[in-house]
Every structure is written in C-alpha cells, then in structure tokens.
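6 protein chains.
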Amino acid sequence: MSDKLEEFRKFRERMNDRILEAGNLEIKRFFALDSRTYEAGALDVKTKELLGLVASMVLRCDDCVTYHMVRCKEEGVTEEEFFETFSVGLVVGGSIVIPHLRRAVDTLDQLSREAEG
Amino acid sequence: MSDKLEEFRKFRERMNDRILEAGNLEIKRFFALDSRTYEAGALDVKTKELLGLVASMVLRCDDCVTYHMVRCKEEGVTEEEFFETFSVGLVVGGSIVIPHLRRAVDTLDQLSREAEG
Amino acid sequence: MSDKLEEFRKFRERMNDRILEAGNLEIKRFFALDSRTYEAGALDVKTKELLGLVASMVLRCDDCVTYHMVRCKEEGVTEEEFFETFSVGLVVGGSIVIPHLRRAVDTLDQLSREAEG
Amino acid sequence: MSDKLEEFRKFRERMNDRILEAGNLEIKRFFALDSRTYEAGALDVKTKELLGLVASMVLRCDDCVTYHMVRCKEEGVTEEEFFETFSVGLVVGGSIVIPHLRRAVDTLDQLSREAEG
Amino acid sequence: MSDKLEEFRKFRERMNDRILEAGNLEIKRFFALDSRTYEAGALDVKTKELLGLVASMVLRCDDCVTYHMVRCKEEGVTEEEFFETFSVGLVVGGSIVIPHLRRAVDTLDQLSREAEG
Amino acid sequence: MSDKLEEFRKFRERMNDRILEAGNLEIKRFFALDSRTYEAGALDVKTKELLGLVASMVLRCDDCVTYHMVRCKEEGVTEEEFFETFSVGLVVGGSIVIPHLRRAVDTLDQLSREAEG
Chain A
1 MSDKLEEFRK FRERMNDRIL EAGNLEIKRF FALDSRTYEA GALDVKTKEL LGLVASMVLR
61 CDDCVTYHMV RCKEEGVTEE EFFETFSVGL VVGGSIVIPH LRRAVDTLDQ LSREAEG
Chain B
118 MSDKLEEFRK FRERMNDRIL EAGNLEIKRF FALDSRTYEA GALDVKTKEL LGLVASMVLR
178 CDDCVTYHMV RCKEEGVTEE EFFETFSVGL VVGGSIVIPH LRRAVDTLDQ LSREAEG
Chain C
235 MSDKLEEFRK FRERMNDRIL EAGNLEIKRF FALDSRTYEA GALDVKTKEL LGLVASMVLR
295 CDDCVTYHMV RCKEEGVTEE EFFETFSVGL VVGGSIVIPH LRRAVDTLDQ LSREAEG
Chain D
352 MSDKLEEFRK FRERMNDRIL EAGNLEIKRF FALDSRTYEA GALDVKTKEL LGLVASMVLR
412 CDDCVTYHMV RCKEEGVTEE EFFETFSVGL VVGGSIVIPH LRRAVDTLDQ LSREAEG
Chain E
469 MSDKLEEFRK FRERMNDRIL EAGNLEIKRF FALDSRTYEA GALDVKTKEL LGLVASMVLR
529 CDDCVTYHMV RCKEEGVTEE EFFETFSVGL VVGGSIVIPH LRRAVDTLDQ LSREAEG
Chain F
586 MSDKLEEFRK FRERMNDRIL EAGNLEIKRF FALDSRTYEA GALDVKTKEL LGLVASMVLR
646 CDDCVTYHMV RCKEEGVTEE EFFETFSVGL VVGGSIVIPH LRRAVDTLDQ LSREAEG
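Protein chains in written order, with my numbering: chain A, 1 to 117; chain B, 118 to 234; chain C, 235 to 351; chain D, 352 to 468; chain E, 469 to 585; chain F, 586 to 702.
These aren't lab readings, by the way, just hints derived from the structure by calculation. Heads up, the beta-carbon is just placed ideally off N, CA and C, and yes, glycines get one too. Warning: the hint list may mix true and false statements.
[Stated by the list, open to error] Far from chain E, some chain D residues (derived; all Cβ distances over 12 Å):
#	residue
1	357
2	367
3	413
[Claimed, not checked] Capping the alpha-carbon separation at 27 Å, the derived lysine-lysine pairs in DSSO-like fashion look like this:
#	chain 1	residue 1	chain 2	residue 2
4	A	28	A	10
5	C	280	E	541
6	D	424	D	397
7	D	424	B	145
8	E	472	E	514
9	B	190	C	262
10	B	163	F	613
11	F	658	F	595
12	E	514	C	280
13	E	472	A	10
14	D	397	E	496
15	B	145	F	631
16	F	631	F	613
17	D	379	C	307
18	B	145	D	397
19	F	595	A	4
20	F	613	A	73
21	F	631	D	397
22	C	262	C	244
23	A	46	A	4
24	A	28	A	46
25	C	280	C	307
26	A	46	C	262
27	F	658	E	496
28	A	46	B	190
29	F	613	B	145
30	C	238	B	121
31	A	28	E	514
32	B	163	B	121
33	A	28	C	262
34	C	307	E	514
35	B	127	B	163
So that you can see chain A by itself, here it is in the shape it has in the complex:
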C-alpha cells in the first residue's frame, strides 16, 4: 500500500478498535449494520459498493470514498467504471465534488500501482 493509503488504513483500524471497545451498544450495532448493508442480496456486492461510492462522493466524504474505492477495486471495478461512477457523482453533486474527484483519481492511481506492484 502507498503511504497515504497505509496511513488511512492504520488510523481507521486503530480507531475502529478503540470505538468498538468503548462499549456503546448503539455505535457497535451501527458498525455491524454498516458492514451487512454491502453484502450480496438482490444486488451483487460490486453494485452495492458502487452505490456506497457515489453516495460518499456526493456527500463529499474523502475517507468514505477511499474505503469504497478499495472495496470496488477488490470487486474488479475497472477504471472506466470508476470514471462513469464519478461522472454521476459530479453531475448530481456539482463542481464542489471536483476537489474530491481529484483526490479519488489520485487514490485510483495508487490502487492501480499497488495492483501492478
């Protein structure tokens, strides 16, 4: 993993552990529910992750975008499919999405280098 992705992953893991250990039941259930929501059902995992990605993009949450991009890449989403998903996010959410799009494409390039690496 690149440094930026690695840092994201480590902080995410460390804080998720810390949060779940704190023992607030509602937060624990939310985290469990969050995972279940992207499991295969009538829609397959890839489609659900694309839904999570575009929702994260229009709400302009960089960490959420990174997370769903990692998962999408694992599910075999191609560069062309990523860009079409981004185009929906851009048109729905407007030019304020652009800075997040730039960072998303930077993440995409890091994920591609790792896959090749």
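Given chain A, put chains B, C, D, E and F in place with the hints provided.
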C-alpha cells in the same frame, strides 16, 4: 399515472421547457449533460440509474428520487433491488433520510399500481 | 392533534408499517437502532431528544424536527428550552435554518394548544 | 402578489412576529444581523442580494430563494441576470439544484406578472 | 495540550484575532452572538455544549467538533456521555459521520491524557 | 506563490490533466461548462466570481474557496469586498462556516503578500 406523479411530471415538463427557452447556454448544456450521464457505457443504464437514485436519496432531493425511481422502474428494477438501494442510502445518510424513504416507498407503490393498472 | 400533526402522524405510521413489512433486514435493524438511541443511559431521555432535535434542525429535516418536538414535549421540555435549542440550531446552521425554525415554532404552538386541549 | 407568494409572505411575517415576541435574545440578534448583512457597504445591495440568492440556491432552501428573489427584483435584477446567477448555482451545486431551479423560475414568472400587473 | 490540539488552538486564536481586527461589523457581531448562545439559560452550559457538539458532528465540521469537545470536557462531560452524544450524531447523520467520529474519539483520548497529565 | 497555494495549484493542475486525459466525455464537458459559467455575460466576471466564492463557502469546500479567491483577487476584489462576501456566507451558512472563514482569511493574507511581493 397517479395524481401526485402526474402533477410532478407536468410541472417538471412545463418548467424544463420554460428554462430551456430562456436561452441561458450554460443551463442548457447542463441539462444535456445531465441526460447523457445516465446513458449506457461501461456501466449499464440500470446501474447508472441506481447510482442516481442513491445519490439523490442521501442528498435528500424528493423530486430527484422520484425521477430516478420512474427511470429505474422502466429499467426493470425489482422491489427487492429498490429496498437494497434504499438501505445503502439509509445507512450512508442516516435517520434524516427516513422521511424521504417513506415518500420513496409511497412512490414505489404508486408506480407498482400503474404497472399493474 | 391538529390536522397537520395528525396527517404527519398517520403517514409516518402507515409508511413505517409498509417499510418494515417489506422485509429488508438492514432497514428493519436501522429502525430498531434509531429507537434505542434515544433511550435513557448516561444521558437522560430529555437530553437525548434535545440532541435529536438540534441535529434535525441543522440538517433541516422538517419531519425529523416535528417528531423530536413531539417527543420533547412529552418529556416536559418548556417553551424557553425549545427556543434555546432553536438558538443553537440557528447559530450553528445559519439563516437557511430560519424557514425550518418558523415551521418548528408553528408546530410548537400546535403542540401547546393540544396540551391545553 | 400571486397566491403562492402571498401565502409565503403572510406565514413568514406571522411567524417572524411570533418568534421575535418569544423573547429569546440570541434569535432576535440573529434576525437583526441577518437584515444588516445585506445593507450597502463596499458591495452594493444588488450584489449582496445576488450573493444571498446563490447561497440559498446551492443550499437548496426554497423559502430563502423566494425571499432573495423578491429582494433582487426590487433591486432591478433582470431576467438574464437571474438566469446567470442560477447557472452558477446549478454548476456549483449540481443536478440536485434543478428542482429548486424549476420552482425559482416559476417564482420569477409570478414576480414578472405582478410587476406588469 | 497535545501537538494537534495545540496547533488547532493557536491557528484558531491567531485567525480569530485577525478576523475581528478586519473590522467587518457583521462578522464581529456573529462571533459575539456565537459565544452568547452557549451561556447558561433555561438549559445549562453542559447541555448547550452537547447540543453544539452533536450539531457540529452531523454537519461534519471537525474543528467545530474539537472546539465543543474541549468545552464539554471543561463542563465535566464523561466518556460515556460523549459516546452517547456521538451515537445520536451517528444514527442521525449516518455512516458518513464515521470518519469524524474516529477523529473525535482520537481527540477525546488526547483530552483525557491532558487531564491526567 | 506561498507554499500552501503553490501545492494546491500543482495538485489541481496535475489531477485536472489526469482526469481530462482519462477520456470520460461527461466529466470533460462538465469541466468545460464549469469554466464557461464564470465568463462575462449580463453579470460581469467579478460578480460571477463572488457568486462562486460565496456558494463555495456555504458549501464549505476549502479548495473551491481558494480557487475563487485567486480569481477574485485577479479581478480586483478588495479586502473589504472579500469580508462582506464572507459575512453573507457566514450568516447564511452559520458558525460551521467559521473554520473555513479562518482558512479563507489565511489565504487572503497569502494572496496579499504575493501581490505585494
């Protein structure tokens, strides 16, 4: 069409005509771009419409939700697929999405009655 | 209940039933979690409902505001406490909160008339 | 005034009076500050109202859009200037702005009919 | 104070001074109003700071969350109360709140170390 | 340019090139449309850039704020005009705008030093 859907469609059509006739070139181009974005590419039309639907839901735009639901229905999205898309929108966007979810399910029932009707 | 509040309550109940019957497990769990979150813990129910109210107000969700106001009223929140909660929502969220504040105060007056009965 | 604009104006006035009479000092000060912000300074009133309009549009607050359109019309904003302001709002805020744009153009037509009245 | 908190505090203080010196009367009044809003009234300071915290969290403003957490800590808010406030923010605002929740819990741990320190 | 502004400019340019080379037609058209929207029309460029700035501020997009501030500075916007635009953004968007206001004023000071430099 039900009365509510019919009223939405009429106002939408009348105002879109009015807006495009006003002659602002940027707005005209945005409307054209908005349509193109959901055309088939690496992702099929159904997937793109689901992306538009979930993005509209987390941004809590009832009219956008209605529009993409009509299009999704035309693309053969099933009730189970609608609800899975809604579940992603709900988990990503939180309980403030619930009032829009209620109205979306009401719209779904109207669309189903029309399809049967 | 006033007509407006009654209509809100009826639509809310009817659609919640419809949604829960649809059988999407994630949505059902989200609804259950949503209820649990406002139960007494380290913070009492009144404080949690005030938190839900101000969060709904800054996110400008009228139905959520109405719901939490009904619950706050049941928990004995006074008019002065309502207005102080509104003032936090207004200062945090800005003048775009004002239309929602107007509707919230209208709801407050309806709730007061009902209480006086 | 058209029925829709008249209804908006009446509810706005009635609730503003009600809110200011409630005696919450912070809310009163916010309302006073809100008015002062659009007074002439280094920028003229028309420019400030256009700023208020585009901010209201990207935040998708219909009542705020209506209020600033009434004020812009009083300051002599032309239809072409309105549409250029809308185009900035649309491009910055994306397609979720479109339903608000439709209602804004409907309001514009009502304001024009009154002016011709 | 930890480095991160110290950096936040310094930049905040330096820029607040710079902004207030610039002499824009509306901004000065807004800053004064912002402070007043959290003073004791019908609701006590602790409750008002919790309201400010949850509002900041659902609007996903990290700096605002940090500020209100510092104030809440000063008002004696316990870890359990913090987590219950976070749980309301998470359920209302959805999974996009999670990255902000992670950073908030990191801030909480820094505040606890300082208090012990 | 200051280091921070220089870094922003470089990343922006590099990623814009990368995005446009990727060949997604909708994204390319959106970028072209985004540029056109701020060209002179019934409203002059300075006014349009101020509209873009206030819209970016209330939507709390730091990179968008920086971009429009650079353009506004080129169009001769004075410090007083910047602050009045900020005051509209602050009153419309509320105290959650303040962290972005702090960073915007920091950017303003960097732009002024460069202009003098």
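Taken at face value, is the distance from the CA of residue 10 of chain A to the CA of residue 472 of chain E at most 27 Å? The given pair, whose Cα atoms are some 18 Å apart, holds under the 27 Å limit.
Take a quick look at whether residue 28 of chain A and residue 46 of chain A sit within 27 Å of each other, Cα to Cα. Judged against 27 Å, a Cα distance of about 25 Å means the pair holds.
Pairwise hint evaluation, residue 595 of chain F against residue 658 of chain F, where the allowed Cα distance is 27 Å at most: 19 Å, holds
Check whether the Cα positions of residue 472 of chain E and residue 514 of chain E lie no farther apart than 27 Å. 24 Å, holds
Given the hint that residue 145 of chain B pairs with residue 631 of chain F, test it: the Cα-Cα distance must not exceed 27 Å. 23 Å, holds
Within a Cα-Cα threshold of 27 Å, do residue 46 of chain A and residue 262 of chain C meet the stated pairing? Holds, because 23 Å separates the two Cα atoms, which is no more than 27 Å.
For residue 46 of chain A and residue 4 of chain A, compute the direct alpha-carbon distance and say whether it is at most 27 Å. Holds. Residue 46 of chain A to residue 4 of chain A sits at ~24 Å (cutoff 27 Å).
Hey, residue 145 of chain B versus residue 397 of chain D, does the alpha-carbon distance stay inside 27 Å? 26 Å, holds
Between residue 424 of chain D and residue 397 of chain D, does the CA-CA distance stay at or below 27 Å? Within the cut-off at roughly 9 Å; holds.
Do the alpha carbons of residue 238 of chain C and residue 121 of chain B lie within 27 Å of each other, as the hint requires? Holds: residue 238 of chain C and residue 121 of chain B sit about 19 Å apart, inside 27 Å.
Next pair to validate is residue 379 of chain D with residue 307 of chain C; report whether the Cα-Cα distance is within 27 Å. 23 Å, holds
Mind checking the alpha carbons of residue 28 of chain A and residue 262 of chain C for me, to see if they're no more than 27 Å apart? 16 Å, holds
No hint from the list above goes unmet by this structure.
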